[in-house]
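Residue numbers (the working numbering), protein chains in the order written: chain V, 7 to 581; chain S, 7 to 581.
Source of the hints: derived by calculation from the structure; they are not laboratory data.
This one's a predicted model, so the numbers in the text were calculated from it and none came from an experiment.
Do not rely on the hints blindly, as some may be mistaken.
What the hints assert, rightly or not - Okay, derived cross-link-like pairs now, SDA-like style, lysine to any residue, Cα gap no bigger than 25 angstroms in a straight line:
id, chain 1, residue 1, chain 2, residue 2
1, V, 336, V, 370
2, V, 127, S, 197
3, S, 566, V, 504
4, S, 332, S, 308
5, V, 218, S, 382
6, V, 127, S, 447
7, S, 578, V, 336
8, V, 327, V, 227
9, V, 136, S, 566
10, S, 188, V, 227
11, S, 382, S, 371
12, V, 136, V, 336
13, S, 264, V, 150
2 protein chains.
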Amino acid sequence: MMCGQMRKEDIGKEITLNGWVQKERNLGPIIFIDLRDTTGISQVVFRKENDEDVFKEAEKLRSEFVVAVRGIVEERESKNPNIETGDVELNVKSIEILDEANTPPIYIKDDDNASEQMRLKYRYLDLRKKSLQDNLKLRARTAAVIRDFLNSENFIEVETPVLTNPTPEGARDYLVPSRVNKNSFYALPQSPQQLKQMLMVAGMDRYYQIVKCFRDEDLRANRQPEFTQVDIEMSFVDIEDIIAINERLIQRIFKEIKGIDLKLPLPRMSYNDAMSRFGVDKPDLRFAIELKDLNEVFKDVDFDLFKDKTIKGIAVGESEKEFSRKHIDKLTSFVKEHGANGLFWIRIKNNEISSSIKKFLTEEHIDKLKEIFDLKDNALIFIVADKKEVTETSLGALRNEVAESLGLRDKNKYALTWIVDFPMFEYSEEDGRYVSKHHPFTHPVDEDIKFLETDPEKVRAYAYDIVINGDELGGGSIRINNSELQSKIFKALKLTDEEIERKFGYFIEALSYGTPPHGGIAFGFDRLIMLLAGTNNIKDVIAFPKTQSATCLLTGAPSKVTDDQLEELHIKNVF
Amino acid sequence: MMCGQMRKEDIGKEITLNGWVQKERNLGPIIFIDLRDTTGISQVVFRKENDEDVFKEAEKLRSEFVVAVRGIVEERESKNPNIETGDVELNVKSIEILDEANTPPIYIKDDDNASEQMRLKYRYLDLRKKSLQDNLKLRARTAAVIRDFLNSENFIEVETPVLTNPTPEGARDYLVPSRVNKNSFYALPQSPQQLKQMLMVAGMDRYYQIVKCFRDEDLRANRQPEFTQVDIEMSFVDIEDIIAINERLIQRIFKEIKGIDLKLPLPRMSYNDAMSRFGVDKPDLRFAIELKDLNEVFKDVDFDLFKDKTIKGIAVGESEKEFSRKHIDKLTSFVKEHGANGLFWIRIKNNEISSSIKKFLTEEHIDKLKEIFDLKDNALIFIVADKKEVTETSLGALRNEVAESLGLRDKNKYALTWIVDFPMFEYSEEDGRYVSKHHPFTHPVDEDIKFLETDPEKVRAYAYDIVINGDELGGGSIRINNSELQSKIFKALKLTDEEIERKFGYFIEALSYGTPPHGGIAFGFDRLIMLLAGTNNIKDVIAFPKTQSATCLLTGAPSKVTDDQLEELHIKNVF
């Protein structure tokens with residue numbers, strides 16, 4: 007029997023429990039042990055009067071000793087309603103100490119207050135905590151739900167290689183020097199994008215894989231050098247087919263894992279709408295705050311900082327919580343970090359107006375603002391006036407920030423939406439050319455193909471993201487299934503013929519032997535588990551995570567190797 | 007509807023089929039197309055009299071064009087009993103050519119006779135073949151069966167990192183230079199051995215993972231640089247528990263995938279038995295031939311080449327097939343390649359004796375041989391006299407070789423056995439010391455621990471392999487769960503204190519905080535699929551395999567990278 011399974015119905019049975027000593031209390035003639043395994047905790051009792059030898063063994067027990075105990079299940083005198091085994095205890099007849107334990111450097115409880123460094127170094131102790139074990143179990147269960155669903159829909163799980171070719175036009179690759187092929191390198195995949203398309207060219211029809219992907223980027227919070235992706239691709243489909251089946255997948259996950267019934271179809275929003283109403287392409291729709299266009303309101307105001315700017319604002323209710331001047335100063339710094347030249351504010355409180363731009367404000371302005379923001383109560387309006395993109399993105403970030411302060415980002419609420427009608431390209435100041443918004447295999451909207459050479463900014467893509475609570479959970483697109491169109495896209499991206507041939511030659515050739523219309527999606531699996539587990543820390547959902555500097559504090563990876571090893575790989579260190 | 011699904015019951019229905027043109031026959035006023043997708047083939051008919059425009063489109067069709075056709079299911083005039091859709095055909099009303107196709111460089115049929123090089127370069131065309139698609143589907147289905155079984159037995163699938171630390175005491179690692187941690191390297195895992203043990207230390211109780219592993223070894227046939235492993239570990243178990251649950255897993259796989267009922271428990275054989283009776287620790291038990299000890303028989307023979315040697319032999323029946331002198335010469339070379347100094351043979355045919363050692367043979371010898379080999383019919387006896395190990399292993403190899411010639415290795419027969427009681431160590435001439443037979447985390451048999459320092463060759467291990475048809479399908483062991491015993495093993499392997507600390511310091515410390523008895527197993531998943539698919543070529547069960555020189559002919563991996571990329575990684579090429 008497992009430690010979490012002992013119940014009233016077992017009273018009188020003789021059973022064996024294996025586990026770790028969570029806590030021991032020696033009351034002289036009687037010793038109580040809380041015995042723990044992955045299923046829970048049982049109370050285990052040693053009575054001196056029963057058997058002195060067994061009792062002597064029990065006296066040796068300390069925290070985290072591993073034991074097997076055999077005895078009779080009995081009713082507890084003082085029941086513990088907080089644990090499922092709290093009605094009963096094990097009256098021990100025999101004990102075997104399976105392994106002794108040194109005093110662990112961190113406590114095995116959720117609120118141990120150990121530093122993250124200690125927790126990662128002693129990950130095998132940290133993972134003894136129920137919360138982390140529960141997360142790993144949730145992760146495994148979610149993977150099983152996904153596989154069950156996709157298997158039942160005739161998707162074939164296919165493994166693609168980890169040792170593959172560098173990703174052209176992608177983020178930075180992890181490289182693996184080849185020993186056999188001198189001065190050549192494999193790359194770890196950033197995603198199996200090209201190979202899953204090859205499976206469609208091969209006629210595999212429906213593919214999926216829960217697969218490790220890799221990006222050698224500077225790690226921000228909640229990024230890991232390796233991450234897990236639910237990778238899906240289908241043939242003979244359009245956007246509607248892909249959205250429909252993936253909605254059902256998401257619905258199944260929420261039902262099985264959280265017991266939540268999601269109503270289908272999920273809402274959809276165009277990219278332009280998302281940007282103009284929420285200032286971001288992954289809006290958090292758990293709260294209603296929206297960006298409003300204020301150029302019309304302030305068109306008569308002669309204010310340098312408003313001149314030729316896109317003026318937008320958000321309004322937040324202040325009935326319960328009021329933003330202090332200090333807080334507003336912080337928010338001003340916040341939007342400046344997001345590129346805005348400043349933050350203006352207007353407070354309406356019991357019909358009194360205070361504002362950073364009070365001298366420009368007329369009653370008419372206030373009336374119009376009240377109308378636009380549909381204000382009935384006290385409110386605080388934040389305004390940014392800048393270039394359109396800066397105004398929107400900085401206000402979009404501010405929108406999330408103030409919602410956080412107001413407690414509007416409820417962890418137990420899930421607001422999902424598809425974002426569609428993405429632009430095909432975005433202009434990269436850095437590269438001085440248009441680059442793909444998604445990736446160069448994305449199919450342009452048919453009626454926009456004519457703009458490819460003349461007005462690339464007008465071209466929309468058959469691309470879609472699924473957004474939950476302000477996080478992009480997944481994204482995908484219909485792919486190009488025609489080699490000529492694929493070449494055209496590379497040319498629109500200003501790749502030379504030589505570059506196209508070198509980087510994508512095999513891929514374009516592959517498309518030329520009869521390629522079905524196809525498309526797919528990839529979900530960020532770690533992020534999905536974070537969402538389902540209700541944690542903001544990616545390390546909580548990965549068994550052996552790495553630090554921000556991409557090291558494993560448990561094993562010490564990465565580490566030094568010998569010169570002989572490098573010589574075999576035809577490389578040497580540069581110091 | 008899919009191309010393989012159209013049936014008599016569908017007659018009269020209007021349906022759409024999507025697929026590739028497998029074959030087109032233009033008979034003037036009528037065009038027949040075999041339309042193919044992953045489920046099968048349907049006959050599709052265009053009649054000029056129906057619709058001239060549609061017919062004109064159909065006239066453009068060539069092999070591997072991708073089309074969508076809509077029409078009415080009708081009964082076929084001349085039925086094709088060879089395919090499941092052979093009773094019906096689709097009378098087409100409309101057609102859309104979804105993608106045209108250049109003439110493919112290899113034929114899309116199983117017996118295309120294309121070179122392996124062409125098949126790998128155009129893998130996306132090779133994968134259009136039914137046999138390869140069936141293998142990938144079998145692979146996916148087998149993975150699903152394994153996951154279902156293990157999930158139902160409360161195993162938790164946990165992902166371990168791909169970017170990890172070099173494996174001490176293992177094969178050659180693939181290394182990944184770290185950009186952030188200058189002159190340091192990750193290694194790709196050869197197996198998640200240490201980390202799955204960490205999960206047991208963490209109390210996760212039952213772990214599994216279907217996981218990619220990596221070894222940078224010179225590739226023999228049927229080896230790939232990356233391979234897939236079914237990795238399993240359990241706590242609070244002994245050998246019997248692990249064998250029992252894994253037998254049930256194997257039984258389930260054979261039942262679900264092959265429809266074969268395996269009888270449990272599976273046979274077991276000790277390592278010593280396997281070596282002495284079959285000359286190998288992975289005996290093929292589909293045929294009964296056994297090595298017999300012949301020293302007693304020939305004890306009176308004064309023959310230099312028998313002196314102080316271990317003399318063993320095998321006997322093969324020759325009722326139907328006779329081994330020619332030329333064939334015997336080949337087999338002599340064969341055993342010499344396996345280290346033996348020669349091969350002696352005795353032929354008994356209609357009571358006539360011919361032999362390479364005829365001058366030493368008496369009637370008594372022949373009588374004794376007949377008794378030992380239980381000969382009733384014509385037979386050929388092969389004898390090797392050499393050092394014990396050489397005699398056994400060369401005869402073991404010969405045993406498989408002659409069984410192959412005699413057609414005794416039936417692909418549709420499955421003979422399974424566990425091999426147990428492995429020695430803990432084997433002496434490495436190369437290293438001048440004992441090395442681990444399995445790996446250094448293997449638990450020695452309790453009553454042999456006393457020999458660790460004095461007679462390491464006497465120490466047996468709690469290790470086990472599962473062998474099918476002469477292939478090792480998996481292996482594992484009970485692990486050491488005590489830090490002191492673990493240190494002792496490293497010392498028996500002649501590691502210095504410094505080496506132990508540097509290579510295994512964290513691991514030994516981890517064992518010191520209370521470690522449950524635990525053990526596990528790892529199955530070679532690629533090999534399992536080969537066995538179930540009945541193929542001898544590992545490339546047949548992997549979507550994108552690499553060549554013997556570890557290159558991908560499709561993508562060109564590995565490939566050159568820029569000096570800038572290497573500089574970022576603090577390495578440079580050595581030419």
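Handout entry: Hints the structure fails to honour
Key = 1, 4, 5, 7, 8, 9, 12
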